[in-house]
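S.K.: Model the full structure from these sequences, guided by the hints.
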Amino acid sequence: MAEVEINDKVVRKEDKPQLIVDGKRLDGRGFEELRPIKMEAGILKRADGSCYLEMGRNKVVAAVYGPREVHPRHLQDPSKAVIRYRYNMAPFSVEERKRPGPDRRSVEISKVSREAYEPIIMKELFPRSGIDIFVEVLQADAGTRTACLNAATVALVDAGIPMKGLISSVAVAKVEGVLVLDPMKEEDNFGEADVPFAFVIRNGKIESIALLQMDGRMSVEEMKKATEMAKKGAMQIYELQRETIMKKYSKEDVD
Amino acid sequence: MSGIGSSRKLVLPGDLVGTNPRAAGYGTYVENGRVYAKIMGLLDKSDNIIRIIPLKGRYIPSEGDTVIGIVKEVASNGWNLDIYSPYPAFLPASENPELKPGRKLNEVLDLDDSVITKVVSIDPRMKVTLTMKDKICRPIRFGRIVAINPTRVPRVIGKKGSMIKLLKNELGVQIIVGQNGLIWLSGDRKKVDVVEEAIYIIEEGAHTEGLTDRITEFIKKRKKEGIKNGRS
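For the record, the sequence lines run as chains S and D. With the numbering used here, the residue at position 169 of the first sequence is 258, and numbering never jumps. With the numbering used here, the residue at position 208 of the second sequence is 218, and numbering never jumps.
Derived from the structure by calculation, the hints contain no laboratory data. Predicted model only: the values in this text are computed from it and were never measured. The C-beta atom is built at its ideal place from N, Cα and C for all residues, glycine as well. Check before you lean on any hint, since a few could be wrong.
[What the hints assert, rightly or not] Simulated coverage check for chain S against chain D, where a stretch passes if three residues somewhere in it have a Cβ under 8 angstroms from a Cβ of chain D:
id, segment
1, 151–159
2, 236–250
3, 253–263
4, 290–302
5, 309–319
[Said to hold, decoys possible] Taking lysine-lysine and the BS3-like style, the derived pairs with C-alpha atoms no more than 30 angstroms apart in a straight line are:
id, chain 1, residue 1, chain 2, residue 2
6, S, K169, D, K145
7, S, K294, D, K19
8, S, K134, D, K19
9, S, K127, D, K19
10, D, K110, D, K145
[To be verified] Label pairs and their calculated CB-CB ranges:
id, chain 1, residue 1, chain 2, residue 2, range
11, D, F152, S, R188, 51 to 57 angstroms
12, D, T222, S, G293, 32 to 38 angstroms
13, S, L164, D, E41, 28 to 34 angstroms
M.R.: Below, the structure is given as C-alpha cells:
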C-alpha cells in the first residue's frame, strides 16, 4: 500500500506554492478583487435575527437573540444592555479536526468582535437586558472573523436592533511582496502579513474603523494602501449586505 | 409593483432620513443636526415628523398597554408574569380584585395560567408592574391565544380599530389584542380558526396596501367554503 504523508503540521518552505502567477492570484482573482459572496437573511426561525454567509469557501451562520433577560443575573447592567458575542468554529470546519469548544483564538476573536459592535449598538435603550450574537464557522478558508462580522451585521439588522450604522469587514494580506484583498487560505498561510479591517458605515460612507488587527509586518506606506483597498472592498460588501436585507423585506411591498 | 414600497422606502440603520432634528420621531436618532435611522423599517416621512415603522423587534412595555402574560412564578405577594419582552412583569396581589380574603394566591392564578392585564408603571430600572383593575382584564380560562410579532400589532388593530371591528363583526368572535403580540380569541371554534388564519395573513402582509380589502375577501371565501362543508 502506497502511503503518502499528508497534512503535515509543519509547513515546509518547499511546500509553498507560487501564489502569484502572471499578475493573477491562485484562484484567478486580481489583487483587489473579493471572493464571491452569498448571503441570506432570516434563515433561523427561532432566532430574532439570523444570516447565512458564504465568502469564497468560508461558510458561516450568525444568530442574534434579544434584547432579552440576562442570565446569570450578576452580568446585568442597570444602565444599558450587555452585548455578548460568541465566535465558534465547528470541529469539521478545518482540514484537521479542531477540538471543540472555545480556545485562546476564538475567545480573542469574540472579544475584539464584540468590541467592534459595542459603540454602534444603542445599548442605552434596553437597560438590564442582553443582546446575544452567536456566529458559527461551518467551513473555514481564511478571513473567518471578517465573514462572521459581515454575517452578524445582517443578523442584527434582521433582529431589529437599533444601531448607529452597519459594520462591513474585509482583510488585506501581503503575499510575495504585493498587497491582496480578501486573502484565501493559501495566501494567509504562506503570506507575509494578514490585516483584517472592519469599518462602521453610515449612510453609504465609511465613518470609522471598528476593528483592526495585524499578523505579520507591513510598512507604513503599505498600511496606507491596504486601508484604501479594504475600504473599497468593504463598500462592495456593504452593498451586498443591504441587498440581502432588502431582498428579505422587499416582499413586504409585493402583493 | 403596487403597495407601500413605492411610497414608503425601506431604510437600514445609519441611513440619512432627514435634516430637520425637530421632526425626528420613532426609530431615528440625531447627530450633528442630521436625522439618521437607527432601526430597519419603513420610512414614514411628512413635513413635521420623520419616523420609522419597525418590521422586527421585541416588545418594550409602556404604561397603559394591554398585555397578555403567562404566570411563571407565584410569590408570596403576587405573581411574576412572562410578557414576551426583555423584562419580566410583576402583578402584585393587591392589584388583583379576584383575590378575596381567605383565598390563596395559587388558587386564583397558578403557574402557566394566562392573564389579560394592563401595565400600570415602569420604573427607571425597567421593573414592570401590572394591574387587573380594569374591565378588560381577566384570567384566560377558555379560548385561544395567537402569538405574532409585536411590531405587527398596529396592523391587526387597524386604523381606529377598523381591522378588529371587521373581524369581530364578520365572524362574531371575541378578540383582545395584547400590545406584546399575544392575541386572545374566543367563540365558535370554526370561526376562531378563520380569525387565526386571518391574523397570520395580516402579520405576513402587514405594511402592504389594501390589507383590509384582502381580509374581507378572505373571510368571504372562507364563509362560502364553510357553508359548502356544512352541507356535504
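S.K.: Could you run down the list of hints and mark each one as holding or not?
M.R.: Now for the hints, and whether the structure bears them out:
1. 151–159: holds (count 4)
2. 236–250: holds (count 5)
3. 253–263: With 3 residues closer than 8 angstroms to chain D, the segment 253–263 of chain S meets the three-residue bar; holds.
4. 290–302: holds (count 3)
5. 309–319: violated (count 0)
6. K169/S with K145/D: violated (36 angstroms)
7. K294/S with K19/D: Roughly 19 angstroms separates the two Cα atoms, so the pair holds.
8. K134/S with K19/D: The given pair, whose Cα atoms are some 25 angstroms apart, holds under the 30 angstroms limit.
9. K127/S with K19/D: Status holds; Cα separation ~24 angstroms.
10. K110/D with K145/D: With Cα atoms ~17 angstroms apart, K110/D and K145/D stay inside 30 angstroms; holds.
11. F152/D with R188/S: 51 to 57 angstroms: holds (54 angstroms)
12. T222/D with G293/S: 32 to 38 angstroms: With a Cβ separation near 37 angstroms, T222/D and G293/S satisfy 32 to 38 angstroms, so the hint holds.
13. L164/S with E41/D: 28 to 34 angstroms: holds (30 angstroms)
The structure fails to meet hints 5 and 6 from the earlier list, while all remaining hints are met.
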